[in-house]
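Whenever a hint applies, use it, and build me the whole structure from the sequences.
Chain by chain, the residues run as shown.
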Amino acid sequence: MGYFEDAQEFYTCVGNFLEYMNKKEEIARKVGESGLIIRFDYNNPQAILTIDAKNEPEEGFVNIIRGEHDLKPDISMEMSADTAHLFWSGKLNLMSAIGRGQLKVRGPIQKVMGLLPAIKPAYELYPEYLKEAGFADKIIK
Amino acid sequence: MLIPEFSSFLLRTRIIMGSEVLATLPDELARLGMGKIFIVTDEGVSSAGLIEYMKEYLGEIQVVGTFSNVPADSPLKVVKSLSEEVKVSGAHGMVAMGGGSVIDAAKGANIEFSLGGSILDYEGAGLIDSPLKPLAAIPTTAGSGSEVSAFTVIHHQEEKSKLSFFSPYLCPDLAVLAPKMTVTMPGVLTAETGMDALTHAFEAYLSTEANYITDGLALQAIADIIEYLPLAYVRGVDEEFRFRMALASTSAGLAFSNAFVGCVHALAHAMGGILGLPHGRINGMLLPYGLEFNLSEVEKKLCQAAGYLRIEGEGRERAINLIGRVRSLAKDLGFPASLQEAGVEEEKLQAIAELASVDGAIFTNPKEATQEDLLKVLEKAHEGGEIDGVL
Ligand SMILES: [Fe+2]
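Those protein sequences? They're chains G and P, same order as listed. The first sequence: position 135 = 135 (our numbering), numbered continuously. The second sequence: position 20 = 20 (our numbering), numbered continuously.
Rather than coming from a laboratory, the hints here were simulated on the basis of the structure. Quick caveat, the model's predicted, so the values are computed rather than measured. For glycine and all other residues, C-beta sits at the position ideal for the given N, C-alpha and C. Don't take each hint at face value.
Stated by the list, open to error - Residues from chain G that keep clear of chain P, each with C-beta distances beyond 12 Å, as calculated:
id: 1; residue: D6
id: 2; residue: Q8
id: 3; residue: N44
id: 4; residue: K54
id: 5; residue: I65
id: 6; residue: S89
id: 7; residue: N93
id: 8; residue: A97
id: 9; residue: G101
id: 10; residue: R106
id: 11; residue: E128
id: 12; residue: Y129
id: 13; residue: K131
id: 14; residue: F135
id: 15; residue: K138
id: 16; residue: K141
Said to hold, decoys possible - Derived lysine-lysine pairs resembling DSS-like cross-links, with alpha carbons at most 25 Å apart:
id: 17; chain 1: G; residue 1: K111; chain 2: P; residue 2: K80
id: 18; chain 1: P; residue 1: K367; chain 2: G; residue 2: K120
id: 19; chain 1: G; residue 1: K111; chain 2: P; residue 2: K348
id: 20; chain 1: P; residue 1: K80; chain 2: P; residue 2: K133
id: 21; chain 1: G; residue 1: K111; chain 2: P; residue 2: K162
id: 22; chain 1: P; residue 1: K133; chain 2: G; residue 2: K104
id: 23; chain 1: P; residue 1: K80; chain 2: G; residue 2: K30
Claimed, not checked - Some chain G residues well away from chain P (every beta-carbon gap over 12 Å; in silico):
id: 24; residue: Y3
id: 25; residue: E5
id: 26; residue: Q46
id: 27; residue: N55
id: 28; residue: E56
id: 29; residue: E58
id: 30; residue: G60
id: 31; residue: R66
id: 32; residue: G67
id: 33; residue: E68
id: 34; residue: L71
id: 35; residue: E78
id: 36; residue: K104
id: 37; residue: E124
id: 38; residue: D137
Right, here's the structure in full:
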């Protein structure tokens, strides 16, 4: 059994967390400036989240899209929902995950790596956020 | 022993090695379904007469095409025209004979040759999920490890960027290690590719992804390169020295294809992009300082390697002695004693550190390395400071 019951729960945790971070200037500004469209395809449960830093944001620094859309991503990544949970918990080494086949990346991977220092503070915010949102049981110690 | 949660080691490439190994090529290639081959090489290799030499051994195998001008860094344009030529040649597969750039170019071209479409559609990791057409690699340098690795890097010169590809199916089907193939390598190339191999071995050995199997391969490679690289450098005609280097370089290639590399490669990738210096030369200059930076995290492992080389001392001192040995090796091989001596301007260091801090290689470095840390490593390498364990 994975961390998430269904897509609904995944969107509530990870999707809402992305929106929460979109308001944090110190994290989101750099991502916004990248001008990239980064698409994440998750499985178990199936879900799609896309960070659109190319088009004008409705609020915050980027647009966060749930589910299918027609935008052409610059980079797309495929992983399980659990892998995403580990990532935002700061417990996933990107290179190791690639080596283990837990993560597929399409596109210029260096550009994603370039954003990692900017989003690093998110790893500390994620457990705090989960707690506030009533998902303390999902926090990885 | 600490039991990892998960670890893996991929075996795909058949490696054949020895003085008479070329005589078995017809059988080896036929077994891979390569009755008709396309040869990929560069000008240096073909003018050294190595292609003609190999052809004498091919027997029934038919050569239906040759591409003999792959330049350094495997440019995208060249990879594209290579794949077009291979497609119309009627070849069953390619034989790449050369250094890292030649083998990488053949791996890149094999993507389009096998899967159709554009190589650009496969940029990234894990996107090639079926076997490609057969590929045999005959390295003529002892350094890149590309003959057994799951990576290929292609340079997009117009966009000044590099395209990275990672998939188990990028490992060549056959690697041929024959001492004759490297005896004609010039001294500088011997030194630079050899230090690249030593960096692969050290960084794989100390990587966060190292395991029992990669450790064995990496340790043996470290010991052999430190012993035989200076010999191969001064007496390049000696086939035994060359053969040892070929084996060690391939072992290091297997180790780092599985365990990845670390901060020295991150810095080398950044510096190569910004300054255009040869990859092996940069690694040779930076390796001692990268090791010194990691020392606090990997002292025990460095001591273990020092033991293999019968280097004296206890604990930290012994590890420092090993790093000192690496530095004196670089000096003996004619590497500049500092980045300054190599003509690297101090003003460039900041930009190099910034780029290196987000290079993929940094994520498997044993010690966390921030941009400031990397700048310190560069600054010490720039002045050519003594290895004293302070970094
Ligand atoms: Fe290298």
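Here's how the hints hold up against the structure:
no.	hint	in the structure
1	D6	holds, 26 Å
2	Q8	holds, 28 Å
3	N44	holds, 17 Å
4	K54	holds, 18 Å
5	I65	holds, 21 Å
6	S89	holds, 15 Å
7	N93	violated, 6 Å
8	A97	violated, 9 Å
9	G101	violated, 6 Å
10	R106	violated, 5 Å
11	E128	holds, 22 Å
12	Y129	holds, 24 Å
13	K131	holds, 26 Å
14	F135	holds, 24 Å
15	K138	holds, 19 Å
16	K141	holds, 15 Å
17	K111(G) <-> K80(P)	holds, 24 Å
18	K367(P) <-> K120(G)	holds, 17 Å
19	K111(G) <-> K348(P)	holds, 21 Å
20	K80(P) <-> K133(P)	holds, 16 Å
21	K111(G) <-> K162(P)	holds, 11 Å
22	K133(P) <-> K104(G)	holds, 22 Å
23	K80(P) <-> K30(G)	violated, 35 Å
24	Y3	holds, 16 Å
25	E5	holds, 24 Å
26	Q46	holds, 18 Å
27	N55	holds, 23 Å
28	E56	holds, 26 Å
29	E58	holds, 29 Å
30	G60	holds, 23 Å
31	R66	holds, 23 Å
32	G67	holds, 23 Å
33	E68	holds, 20 Å
34	L71	holds, 18 Å
35	E78	violated, 8 Å
36	K104	violated, 4 Å
37	E124	holds, 15 Å
38	D137	holds, 22 Å
Hint violations for this structure: numbers 7, 8, 9, 10, 23, 35 and 36, all remaining hints satisfied.
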